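Asker: Residue numbers (the numbering used here), protein chains in the order written: chain R, 1 to 421; chain H, 422 to 526; chain Y, 527 to 686.
No lab work stands behind these hints, which were simulated from the structure alone. All the given hints hold, so there is nothing to weed out.
Okay, the calculated beta carbon distance ranges per label pair:
#, chain 1, residue 1, chain 2, residue 2, range
1, R, 137, H, 513, 38 to 46 Å
2, R, 50, H, 521, 55 to 63 Å
3, H, 494, Y, 550, 28 to 36 Å
4, Y, 658, R, 380, 21 to 29 Å
5, R, 68, Y, 628, 48 to 56 Å
6, Y, 658, R, 57, 41 to 49 Å
A quick note: this is a predicted structure, and the numbers were derived from the prediction, not measured. Glycine included, every Cβ here is placed at the ideal spot set by N, Cα and C.
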Amino acid sequence: MAFRCARGNAIPVLLKKSGLAFLHRNVSGFLDQIFVLGKQWLLSFLAGAPDWVGQIASSLLNISALLAVFLTLFALMSLFERKILARIQNRYGPNRVGPFGLLQPVADGIKMLIKEDIVPARADKVVHFLAPILIAAAAILALGIIPYGRNMTPFTIDGGILFFFAVGSTNEVGVFMAGWGSNNKFSMLGAMRAIAQMVSYELPLIITVLPVVMVTGSLTPDAIVAAQGGYSLGILPHWFVFTPWGAVAFILFFVSGLVESNRTPFDVPEGESEIVAGHMTEYSGFKYAIFFLAEYFGMFAVSGLAVTLFLGGWHAPFSVLQFVPSYLWFFLKLGVLLFVFIWIRGTLPRIRVDQMMSFAWKFMLPMAFTCVIAAAIWHYQGRRLSGSLWSLGWIVLVYLTLSRVLGVGKKFAPRTYRFAE
Amino acid sequence: MMTPTLPTFLMISAALFCIGLLAALSRRHAIFILIGIEMMLAAAGLNFIAFWRFGPQPAPPIGVMVTIFAIAIAAAEAAVGLALVIAVYRHYRTTDVDQVDQLKG
Amino acid sequence: MNSAAFFFIAVLTLSAAVAAACLRQLVHAALSFAVALVGVAAFYFLLGAEFVGLVQVFVYVGAVAVLIVFTILLTRHGTDENRGFNWSGVVIALAVLAALLWAIMRTPALYVAAQPGVTVTVRQIGEALMSDYVWPLQCVGLLLTAALIGALVLVLEEKR
Chain R
1 MAFRCARGNA
11 IPVLLKKSGL
21 AFLHRNVSGF
31 LDQIFVLGKQ
41 WLLSFLAGAP
51 DWVGQIASSL
61 LNISALLAVF
71 LTLFALMSLF
81 ERKILARIQN
91 RYGPNRVGPF
101 GLLQPVADGI
111 KMLIKEDIVP
121 ARADKVVHFL
131 APILIAAAAI
141 LALGIIPYGR
151 NMTPFTIDGG
161 ILFFFAVGST
171 NEVGVFMAGW
181 GSNNKFSMLG
191 AMRAIAQMVS
201 YELPLIITVL
211 PVVMVTGSLT
221 PDAIVAAQGG
231 YSLGILPHWF
241 VFTPWGAVAF
251 ILFFVSGLVE
261 SNRTPFDVPE
271 GESEIVAGHM
281 TEYSGFKYAI
291 FFLAEYFGMF
301 AVSGLAVTLF
311 LGGWHAPFSV
321 LQFVPSYLWF
331 FLKLGVLLFV
341 FIWIRGTLPR
351 IRVDQMMSFA
361 WKFMLPMAFT
371 CVIAAAIWHY
381 QGRRLSGSLW
391 SLGWIVLVYL
401 TLSRVLGVGK
411 KFAPRTYRFA
421 E
Chain H
422 MMTPTLPTFL
432 MISAALFCIG
442 LLAALSRRHA
452 IFILIGIEMM
462 LAAAGLNFIA
472 FWRFGPQPAP
482 PIGVMVTIFA
492 IAIAAAEAAV
502 GLALVIAVYR
512 HYRTTDVDQV
522 DQLKG
Chain Y
527 MNSAAFFFIA
537 VLTLSAAVAA
547 ACLRQLVHAA
557 LSFAVALVGV
567 AAFYFLLGAE
577 FVGLVQVFVY
587 VGAVAVLIVF
597 TILLTRHGTD
607 ENRGFNWSGV
617 VIALAVLAAL
627 LWAIMRTPAL
637 YVAAQPGVTV
647 TVRQIGEALM
657 SDYVWPLQCV
667 GLLLTAALIG
677 ALVLVLEEKR
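With the rest of the complex left out, here is chain R:
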C-alpha cells in the first residue's frame, strides 16, 4: 500500500515542487468536468431561445452522448468477449478483420444489416415487430439514471432506483411479446422460461438494494454515490462493498444481475440444444441484432447500478488518486465487472431450471432479507467496527443455518452416470 501511495503521489508532488499546484488542481478539475463544460458551451449557443428549447436540446445531448458511449462499448464488448473467451479456451478468437480483429464488430454490424429480415407467416406481425423495440427501449432507459461521473447523471429523478426497476420490469412484457408474437413453440417456451427466471430473481435483486437505500436514506443514485465519498484514515474508501452486509448484498446483486441479463450459467432461456434461441428464435437480421444489443445494454445497466450502489460510483479507490477524472473511475469499475461477467461465462457450466428456481427462492431470497437486517444492525451499532462484527456474525449465523437446513436429506457424492456408460 505504501508503494501505491508513493506512485499515486508522484505526479502531484512533482507538480507541487515545480510550483504548479494551482495549475494541477485546475487541470484535474477541468478534465473531470470537461464533458459537463462542453455541454454547457454547446447549450450557450441557444441562450436566446425559449426555455423549453434549451431543455429539449439538453436532453438530446444527454441521450446522444449516452448512446454514443454505450454503442461503442457494445461494439468493444462484443469483440472483447469473444477474445477473452478464446483466451480462456486456448484459442485466438477473431483476429482477421483489421489489426488484432478490432474491426470485427463493424463487419458483424454490416452482416446483420444486410441480412434478410424474415417474419414468420403465422406470426402476429405487430407484436412481433414491437417486441425488440420495447426491450431495447427499456434497456436504454435504465442506463439513463446512472451517475457516470461528478455532475454527469443523464436523467435525474427523485427515486431513480425505483425508475431503474420499473423500467426493467417492462422487459418481461417485451420478452413475452417476442415469444408469443413469433407463434413458435420454442419461442413461447423460451419466453416462459425467461419470464419465470426474471420474476424469481427480481425479488433478490430488489431486496439487496434495500440495505443501501436504508443506510443512505435516499432512492437517488447521486445521493447514494455521495454517501460513499470520503476516506477513513485518509486513504480507505467508504464503499458499501467493504461492509459485511454490503459485500454479501453485492454478491447476491451480481448473481441476480447475471440472471436478469440471461448470461451463462443462467442462460436457460436460450439453450441451443433444447429450445434453439428461446424467444429470439424467429428473429433475424437487424431485429436479432437489437435483441443482442438490448442484452448487452441490460448487462451494462446492471453492472453500472452495482458500481453505483456498492462500489462507490465514480469515487476513486484511494484518496490520493482523486486527481484522475471521475468518469474514468466509473468506467474502469464497469469494465472490471464486465470482465467478471465474461470470466464467469468462460468458467461455469449451465445449471438446470429447477436448480435455478430453488436457488432463488430457498437461498437468495432469505440471504437478501438477512442483508437488510444486517444493515440495520450495522446502523444501530453506530456504523463502527463493533457493528461490522455483529452484522458479520448475524450473516454467518444465517448462512450456516440455511446451508444446514437446505442440505438435509441430500447426499453429496461423485456423480454417477447411469445411462451413458
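Using the hints, position chains H and Y against chain R.
Answerer: Chains H and Y in isolation, oriented as in the chain R frame:
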C-alpha cells in the same frame, strides 16, 4: 389549447372508469372482467392524485397515500382473482363466467 | 403543466383502454391494458406524483400484466371463440359516463387553478408511511401475505 384543469382530469378518469365498466359488464371472459376492474381502480387512483394536486397546498399527501395503498390492494386482488380463474378453469374447463353456474363442484 | 403532453397521454390512455375492453384476442387486450396503465402512470408524472407513477408502472406492467398474460396462456383451450358481447353493458357504461360527466360539468367548485410546481418527494412519502400510515401499511402487508398464500392454495393441484 388551455392548460389542463381539474375537470379535464376528472373527465379522463370518468371515461377510463366507464371503459372498465364496459369491459367488466359486457365481456364474458373472466380475465376481461378482471382487466375491467383493474382499470376502474386505476381511474379511481387518477382521481385521488388529481384532487390532491389541485387541492389547497401545502397539504399532507393524503391522495398520494391512498393511491399507493390502492395499487397494493389492486395487485393483491389481481393475484387472487387470477388464481381463482385458474382454479375455475381446472374445474370447469372454461373461463366463460356464464357457463360457471353450478353451486356444486 | 403541458397541455400538448396532456392531450397526447389522454389519447393514448383512452384508446389503449378501449382496445383493452374491445379487442377479440385476449393477449392483445392484456397488452393494451398494460399500455393504458402506463398512460395513467404518465398522468401521475404530469401531476407531480412521480413516485406513484413509478410504482404504477412497476406493479402493473411488471407484475399484473405478466400475471394476466400467464393466466391467459394457462387457461387457453383450442377454440374459445364463443365471444359473447353483452350490449346492455354498453348502455349501462354510457349511462354512467353521461351521469359522471354531467356531475363534473355542473360542479363549479372544481374549477380551481393548480398551484405551480407542487410535487411530492419520496422522502415525504416515506415519512408519512412510517408515521401517520403505519397501521394501514401493516394491514396492506398482511393483506399481501394473505393474498400470496391464498393464491398459492387456490392454484395447488387438487388431490384426487
